[in-house]
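Heads up: the protein sequence lines correspond to chains G and B, in order.
Oh and the first sequence: position 330 is 330 in my numbering, straight run, nothing missing.
Oh and the second sequence: position 235 is 235 in my numbering, straight run, nothing missing.
Don't read these hints as lab results, they were simulated from the structure.
As the structure is a computational prediction, the values presented were derived from the model and not from experiment.
All C-beta atoms, glycine included, are put in the ideal place defined by N, C-alpha and C.
Hints are supplied without guarantee of correctness; some may be wrong.
[Stated by the list, open to error] Computed Cβ-Cβ distance ranges for the label pairs, DEER-style:
{"id": "1", "chain 1": "B", "residue 1": "Leu211", "chain 2": "G", "residue 2": "Ala641", "range": "22 to 30 angstroms"}
{"id": "2", "chain 1": "G", "residue 1": "Ile429", "chain 2": "B", "residue 2": "Gly43", "range": "52 to 60 angstroms"}
{"id": "3", "chain 1": "G", "residue 1": "Gly581", "chain 2": "B", "residue 2": "Val177", "range": "52 to 60 angstroms"}
{"id": "4", "chain 1": "B", "residue 1": "Ser42", "chain 2": "G", "residue 2": "Ile429", "range": "54 to 62 angstroms"}
{"id": "5", "chain 1": "G", "residue 1": "Gly482", "chain 2": "B", "residue 2": "Leu305", "range": "52 to 60 angstroms"}
{"id": "6", "chain 1": "B", "residue 1": "Val257", "chain 2": "G", "residue 2": "Asn275", "range": "43 to 51 angstroms"}
{"id": "7", "chain 1": "B", "residue 1": "Leu271", "chain 2": "G", "residue 2": "Glu613", "range": "55 to 63 angstroms"}
{"id": "8", "chain 1": "B", "residue 1": "Lys290", "chain 2": "G", "residue 2": "Phe604", "range": "22 to 30 angstroms"}
{"id": "9", "chain 1": "B", "residue 1": "Arg295", "chain 2": "G", "residue 2": "Pro620", "range": "32 to 40 angstroms"}
Okay, here's what each chain looks like letter by letter:
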Amino acid sequence: MDAIGILPLDMAVGAILLWMVLGLSGLVLQRLPHLITGIIFPLGALAALAVAGTGLWALGEPPGVAVLPLGLPDLPLHLRLDPLAAFFLILLGGASFGVSLFSAGYFRAMAGGTLGLLCLEYHLFLASMALVLLADDAYMFMVAWETMALSSYFLVTTDHHVPDIRKAGFLYLLIAHVGAVAILLSFGVMQGGHGIGAYTFAAMREAHLSPFWSSAAFLLAFFGFGAKAGMIPLHVWLPDAHPAAPSPVSALLSGVMLKTAIYGMVRVIYDLIGNVRWEWGVLVLAVGAATMLFGVLFALMQHDLKRLLAYHSIENIGIILLGLGMSMAFIGLGHPVAGALGLIAALYHTLNHAVFKGLLFLGAGSILHASGLRNLNDMGGLIRKMPKTAFYFLIGALAISALPPLNGFVSEWLMFQTALQAPTLTNDIVRSLLPLFAATLALAGALTGMCFVKVYGIAFLGRPREPHERPSTPGTGHDPSGMEQCGMAWLALGCFVLGLFPSYVMLMLNRVCVSLTGHGLSAGALTGSNWLWLVPTASERASYSPIVFMAVIVAVMLLTFLLVRRFYHGRVRFCDPWDCGFPAQTPRMQDTADAFGQPVRHVFGPIYRMHRELPGPDDPAPRFFLKIEDRHWYWLYLPTARLAEFASSKVALLQHGRIHLYLIYTFITLLVLLAFV
Amino acid sequence: MENTNLTLGILLQLCQLLLVVLMAPLLMGWVNQCRAWLQNRSGPGLLQPYCTLRKLFHKDAVLAHDASPLFRMTPYIVFGCMWLAAAIIPIIAVDLPFSPAADVIALVGIFALARVFIALAAMDIGTAFGTLGARREMLVSFLAEPALLMVFFTSSLISHSTQLPHIVETFAHHEFVLYPSLAFASVAFVMILLAENARIPVDNPSTHLELTMIHEAMILEYSARHLALVEWASSLKLLAYISIGIALFLPQGIAGVGNWNALPLAVAALLLKLVAAGAGLALLEALIAKMRIFRVPEFLGTAFLLAVLGLLIHFLLGA
Numbered sequence: 001m002d003a004i005g006i007l008p009l010d011m012a013v014g015a016i017l018l019w020m021v022l023g024l025s026g027l028v029l030q031r032l033p034h035l036i037t038g039i040i041f042p043l044g045a046l047a048a049l050a051v052a053g054t055g056l057w058a059l060g061e062p063p064g065v066a067v068l069p070l071g072l073p074d075l076p077l078h079l080r081l082d083p084l085a086a087f088f089l090i091l092l093g094g095a096s097f098g099v100s101l102f103s104a105g106y107f108r109a110m111a112g113g114t115l116g117l118l119c120l121e122y123h124l125f126l127a128s129m130a131l132v133l134l135a136d137d138a139y140m141f142m143v144a145w146e147t148m149a150l151s152s153y154f155l156v157t158t159d160h161h162v163p164d165i166r167k168a169g170f171l172y173l174l175i176a177h178v179g180a181v182a183i184l185l186s187f188g189v190m191q192g193g194h195g196i197g198a199y200t201f202a203a204m205r206e207a208h209l210s211p212f213w214s215s216a217a218f219l220l221a222f223f224g225f226g227a228k229a230g231m232i233p234l235h236v237w238l239p240d241a242h243p244a245a246p247s248p249v250s251a252l253l254s255g256v257m258l259k260t261a262i263y264g265m266v267r268v269i270y271d272l273i274g275n276v277r278w279e280w281g282v283l284v285l286a287v288g289a290a291t292m293l294f295g296v297l298f299a300l301m302q303h304d305l306k307r308l309l310a311y312h313s314i315e316n317i318g319i320i321l322l323g324l325g326m327s328m329a330f331i332g333l334g335h336p337v338a339g340a341l342g343l344i345a346a347l348y349h350t351l352n353h354a355v356f357k358g359l360l361f362l363g364a365g366s367i368l369h370a371s372g373l374r375n376l377n378d379m380g381g382l383i384r385k386m387p388k389t390a391f392y393f394l395i396g397a398l399a400i401s402a403l404p405p406l407n408g409f410v411s412e413w414l415m416f417q418t419a420l421q422a423p424t425l426t427n428d429i430v431r432s433l434l435p436l437f438a439a440t441l442a443l444a445g446a447l448t449g450m451c452f453v454k455v456y457g458i459a460f461l462g463r464p465r466e467p468h469e470r471p472s473t474p475g476t477g478h479d480p481s482g483m484e485q486c487g488m489a490w491l492a493l494g495c496f497v498l499g500l501f502p503s504y505v506m507l508m509l510n511r512v513c514v515s516l517t518g519h520g521l522s523a524g525a526l527t528g529s530n531w532l533w534l535v536p537t538a539s540e541r542a543s544y545s546p547i548v549f550m551a552v553i554v555a556v557m558l559l560t561f562l563l564v565r566r567f568y569h570g571r572v573r574f575c576d577p578w579d580c581g582f583p584a585q586t587p588r589m590q591d592t593a594d595a596f597g598q599p600v601r602h603v604f605g606p607i608y609r610m611h612r613e614l615p616g617p618d619d620p621a622p623r624f625f626l627k628i629e630d631r632h633w634y635w636l637y638l639p640t641a642r643l644a645e646f647a648s649s650k651v652a653l654l655q656h657g658r659i660h661l662y663l664i665y666t667f668i669t670l671l672v673l674l675a676f677v
Numbered sequence: 001m002e003n004t005n006l007t008l009g010i011l012l013q014l015c016q017l018l019l020v021v022l023m024a025p026l027l028m029g030w031v032n033q034c035r036a037w038l039q040n041r042s043g044p045g046l047l048q049p050y051c052t053l054r055k056l057f058h059k060d061a062v063l064a065h066d067a068s069p070l071f072r073m074t075p076y077i078v079f080g081c082m083w084l085a086a087a088i089i090p091i092i093a094v095d096l097p098f099s100p101a102a103d104v105i106a107l108v109g110i111f112a113l114a115r116v117f118i119a120l121a122a123m124d125i126g127t128a129f130g131t132l133g134a135r136r137e138m139l140v141s142f143l144a145e146p147a148l149l150m151v152f153f154t155s156s157l158i159s160h161s162t163q164l165p166h167i168v169e170t171f172a173h174h175e176f177v178l179y180p181s182l183a184f185a186s187v188a189f190v191m192i193l194l195a196e197n198a199r200i201p202v203d204n205p206s207t208h209l210e211l212t213m214i215h216e217a218m219i220l221e222y223s224a225r226h227l228a229l230v231e232w233a234s235s236l237k238l239l240a241y242i243s244i245g246i247a248l249f250l251p252q253g254i255a256g257v258g259n260w261n262a263l264p265l266a267v268a269a270l271l272l273k274l275v276a277a278g279a280g281l282a283l284l285e286a287l288i289a290k291m292r293i294f295r296v297p298e299f300l301g302t303a304f305l306l307a308v309l310g311l312l313i314h315f316l317l318g319a
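In isolation and in its complexed conformation, chain B is listed as follows (with noise of 0.2 angstroms):
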């Protein structure tokens, strides 16, 4: 039985391994959708992504003269770590081998390496305008870092566990309680996700503006397979977030230790979650204007200050 549960296990694991990897520009191109539907376009297509990337990788890369290795190796650090991170978060069944060797901090820590990778691959040709997204890039991380790691301590004291997997089983499996600590953490974790995805009003995906980029100055050197795989990662990236939430704070539905007959049910509610949360965030953005770069230190401000104010209700009403 230890066996079977074992091999189903990694069975599983691989399975959301390849979901992910497949999943994750359809989920880029629903949010897009529906942001054009907000804006009373037609929109691309659900499927537009797809066909981009199939573009980009039968284009010729182009690098300049200056490119070092490091340059060349990025996309692929890149797109390893944030497929990794999706592939380990708990969204259809908590029976995930790879999700013991990476709890909530080091899932943190694979957000942050893949971030200083690319920082570190604008810098490399040496463009005005790939060190200023670099520092951008960072300014908006060393501001969102502790806050995401405040709300995973907030879900980790109630449930005793940074592993994804328990944090999920006692939000999900047992008797059903409101936590008020939490209400606070899923704001700031909202925050917080939209800054670290480079959305409205943090940065513009769709922006080709030079001066107002963050995450498209960095890559503004990256062509044709490079350039998909960094593409590619960011909506990984974006699926990565979109499934913490969903692990933290929608757990309902997620297959419990063993319970392989509601692997189907669970993963109906996955589909239906991630409708929700693609609808969602294209709502949020085209409600919110894009702001100035120094008035995102107090947003993200904000967002630390919540999810501090969640941690101390939790210590304070022990829930």
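Bound-form chain G, shown alone (with noise of 0.2 angstroms):
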């Protein structure tokens, strides 16, 4: 390619460029919305493809630099593009590309001025993620950040008339901008006092920190970054945050925002710091798994179906967590073989939970724009309505459950793998850690399964739960048109590749791993795995086959449907369900989205803060009440609040409003000046 003279990071800023401009034209086309969502938004899905293209071509090259003449005098914009980079712009380009295809179709009918705007805004949230991910330096990577961090607010707060959406809109910005100032105070600690010139990351991996302040700046990012991902207790701006945004927003918002911070974390930690300590390992596990646990059992308890999916995305945050404490106290402890599979294991991940949360919340969306409905408790019966949504959301829903053979299998089984790694490991605490860590990931995939029985269950399966005081309406209800069905089966289609060619992403994510670590998966490994087999450490150890297993199973299915067709009959009748003698029943009496949870209330009780009144049998007015909150908010945030009002108050104390007042602050401040100085 070189004979062209085009490198990959050539590319790659042409496709922001293009998502730039692309956002700039829908500002002024929005007189003509049908061009907005006929050509702009396909327009997007095809930059984004680029963008995926050029990912997939920069991970074999060697990393490519760039240094733009931009920005402040002397302090120029740096760009670079290595494999770890590329591997997130491939989650980028390939999760936004399903996402812009939606939203081609699903934006139609909004108004021109408002179309106008979200026009500008998601694009260029868009190219400020690429952005993040491409810049080399503190202060680029910072002006990439706020970007992002404004525009998807904006984006957010687009139905801004509802008060709730502006306080969650308010909530997000504030967390984000506290994460925001812990990781510039992390690239400063990095700077490692060198002075102004040294704020390119490459002088940052070049400083050599103390073990004080190598753990400070890890400290500071790990809070910065996590703010951002939504790990606990910085999460609870997103599920109240990510429901509010319009669906494919939503989708682009857990699907590849959180996946910056993820990439953000990697990058400071494995690239800039370097020198990963095992003790940073441990305490990203504790708060992988805390998050984890709290996500999905969180994520039981609700009925509003996006906010369901916005407290699974904190739990796959949780889970990436994890994946990443394992591989960073293996390399501390200095097995850096299995560390790597750890690495390759949360990155994997983080790419699958891009594929199928983007695809559920699309699913999500085309429910919401199709009938109304968000509250599980009043759906029902959808999978007759829309077929073709219900049949991509059951993909969605499985991959996210864990269940082979789809992508979400994959990167859990590697996990699993990883944590077995642990007898090589000569510290006793973490070794006896590992698998206790590993239980808790499978009580969270087998949580996660229920919670998407209910789901789906509630959704698009049984009858339809109309509430009393609506009349039935049996219109409601269709499949999205064609444009939103492409984005979803792109998105679908992804959980299946990355769930039967898991070797092709392990392979790819190797290389992500030797240029970071200098250390990439054992021999064994690399010579084992082929398109049919799965192997992470030796054949002899472990391997899957997803390929395999699907093929057996469609055989047996097949073989089993025409063995009973060919003895016997495939004779049906239709009659009404069964009714066990009582012939009352209503739809109303089929499980709500709460009730399914219950065992789960039953079971982990005190995690939970519950007000609940439970009528008696003798109640002439019975009314059954439940409300579940989050505990975080009693124990930290509120009391924060109280503190920085009582501090506000305080300070206010001084303010007079008086110019002469004023004058004698400053006298006194010049004066104490002057004494110190």
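Take the two lone chains, each set in its own frame, and fit them into one complex as the hints suggest.
Put into structure tokens, the structure is as follows:
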């Protein structure tokens, strides 16, 4: 490709520029909304495909660097495209291709003015995420990071006339900025006091920090990126902000934006600090396990579909952190090969989550568009009205529940394999902790399975549960248009491809790993893995073949079907369901989403802050009431808010609005400064 | 030699596929017969499950008006999953070509896949009992799955492999060692087996009292060939679980790599173990009373803790 003179980095920058131009032209074309949905969003999807292609290309190339003559005087902007950035570009491009296609159909009904603004914010959001991945200095990184935060804030508050959405947007902006401050401080620490020229990532890689300062940089970065990723206790914005946005935007926020935080963590910990310590790994493991269990347990309590999916994003961030933590513990204790496997598992799950969570949010968007319903307790029987959406949603639900042969299973399987490397460790505590963390992963996986049986069973299966007040509207609900279906089909295809050909993904991630840590998978894994077999360490230790698996199950199913038809018959009669001798059953007697979560409330009761009103049998006006809240609000956020209000009320004592008082303040400040300097 | 071994392996794999699917109802019949004897009844006879299946296959399927395609596909999916699961567990010889495709973790995944589909099918018709069964089944599953994985982890850490053939090879064909960690794991495994196969004390396979049912509540709407496949799948599941137990805790007698002469002995040993396991299961069910549904978390929590104890003992004692 050198002959043409185009490098992957040029192509990536070109795609980013195209996104920006598309965004601006959306603003210009706001009087012609059909052009925005008909041309600009599909073009944006093509740019996304180009970004993904660039990522695939750049994975095999040496890192490309560029210096842009922009920015402040003497502080130019640096760009770099290495395998880690390339992998995340594949994720960004692949997921946003499907989402942009879906958006082209989804936003058709939107008014021109709002649509123009939305188009600008949407494409700016995509471009800023790509720039975050390409940035090679702290300045460029922070600019892109803040652009991403602001554009996503405006996307979240698209329906800003709703007070709750404004509130959710504010909370999001607040925590995003607390996180950004921590990230900036972390960059400051990593710069190592080498003056203003040392703001590039290259200088930070060179700087040798003492264990104290490198731990400080790690903690700040972990806090800052964790706030963006939604790890506990910094997660409270996520279940409010993600559902507030229009559904394709929710898909991007959950599927892609959270991953930029994972990217930042990996970049800072493995690349910029470099000298990974195992204690950090244990911290990340503990936070990851807590985040994961918290996310899924609260997801089980939700009846708003999009909010439930947002809680699952928290859970999946926890799973990714679990993989990262295991990897860091192994690397810190001198087992880089096992550490590489953990990192690969974490990054694999990052990609998988982008695909299936994007798909599920698009499915939720289709339901919302077609029927106007978000509350699971009002849904039911949608599989009959929107069979195609039901099919795609089923694939997403099976993938997120980590069921073979889809993609979610592969990454969790790799994590279990990493945990089983524990006997090589000499540190007894970490060695016996790792399998226990793996057990929490198994618990979370099984709970996710329960949660998606609930979602799918209540939304798509069963009979419609219309509330009493609303007259039944049989016509509502239909499959979305062709563009929207294409978007969902693309992501569903991704679930299959990533699940059925895991070796290619693993070998691709191995390159990322080698470029970051200098170590990759063992020789047994590299020789044993091919299109049929996935071998993480050595072929006699573990192997998995999704293709054989799928082929055998499908063959056995077909054989059974044919044998039953050949030797018996396929006769069917239809009648009413069996009513257990009580003919007055109504659809309202099916489980609601809240009822389905009742066993979990029973088993994990102390985790929730519950207000319940259970009417007694002799209550003349029985009213069932259940409210579940997050304990974090009460022990962390509300006290912090009260503290901030108290402090600001004290500071307000200084303010009287009279000019002479302010002159006296200035005078005292000057005196104090003179005394010190 | 390599080629003949592979051919023989594939032949053996096909034999095991046929064997398990034909034998599973017999195992069910044996357990029921033992139960009948323990309850001082004469019992329906060993071959009753086959007669029931034959009767069901001849009947017309009755479906609810609202049944979706998912409802009609589920019996085939569940049957396929369980058949695969039972066929890849080495119970006669370790040379099973399909076995490396799914290790113990993937095996848990197969069971989970089948369970999710049957729970979804239960919610498809939209009756109160179907959703009740699905909800309870998922409760049992999220408690039992981590415990089962812990049991598998213990044996994987001892044998340094998650593949069942290698685990069996380690336990059966190397010097005989008593593993204290496996003793804990085996008790945990029996508890999980009872819970996952809808046996007493967690569920009662012969109940028809709707409020206490779990598994039966989920399949209330199935009839004829669909019901036959679901029932056949549950007998395959029982066989698969007992096979896992045999492979992990009683692997003596299973033919090693390339050791084809040991096959007749291996088949005899397998039959003996299955007869003993079926009788043991019936005895356990006769001795324990069914527990309330919300005692199940304690029961399975105990199983999980036992499995974790086994794991920690492995780390402490190195065995």
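For each hint, the structure was consulted:
Between B:Leu211 and G:Ala641 the C-beta distance comes to about 47 angstroms, which lies outside the given range of 22 to 30 angstroms. Judged by the Cβ atoms, the range 52 to 60 angstroms given for G:Ile429 and B:Gly43 holds: they are separated by roughly 54 angstroms. The hint said 52 to 60 angstroms for the Cβ distance between G:Gly581 and B:Val177, and at roughly 58 angstroms that hint holds. Checked against the hint of 54 to 62 angstroms, the pair B:Ser42 and G:Ile429 passes, with Cβ atoms roughly 59 angstroms apart.
Range check, G:Gly482 to B:Leu305: about 54 angstroms between beta-carbon atoms, so the 52 to 60 angstroms window is met. Taking 43 to 51 angstroms as the suggested C-beta distance range, the pair B:Val257 and G:Asn275 conforms, at roughly 45 angstroms. Evaluation of the 55 to 63 angstroms hint for B:Leu271 and G:Glu613 yields a pass: the beta carbon distance comes to about 59 angstroms. Separated by about 24 angstroms at the C-beta atoms, B:Lys290 and G:Phe604 satisfy the suggested range of 22 to 30 angstroms.
The given range of 32 to 40 angstroms is respected by B:Arg295 and G:Pro620, whose C-beta atoms sit roughly 34 angstroms from each other.
Of the numbered hints listed earlier, the single one contradicted by the structure is hint 1.
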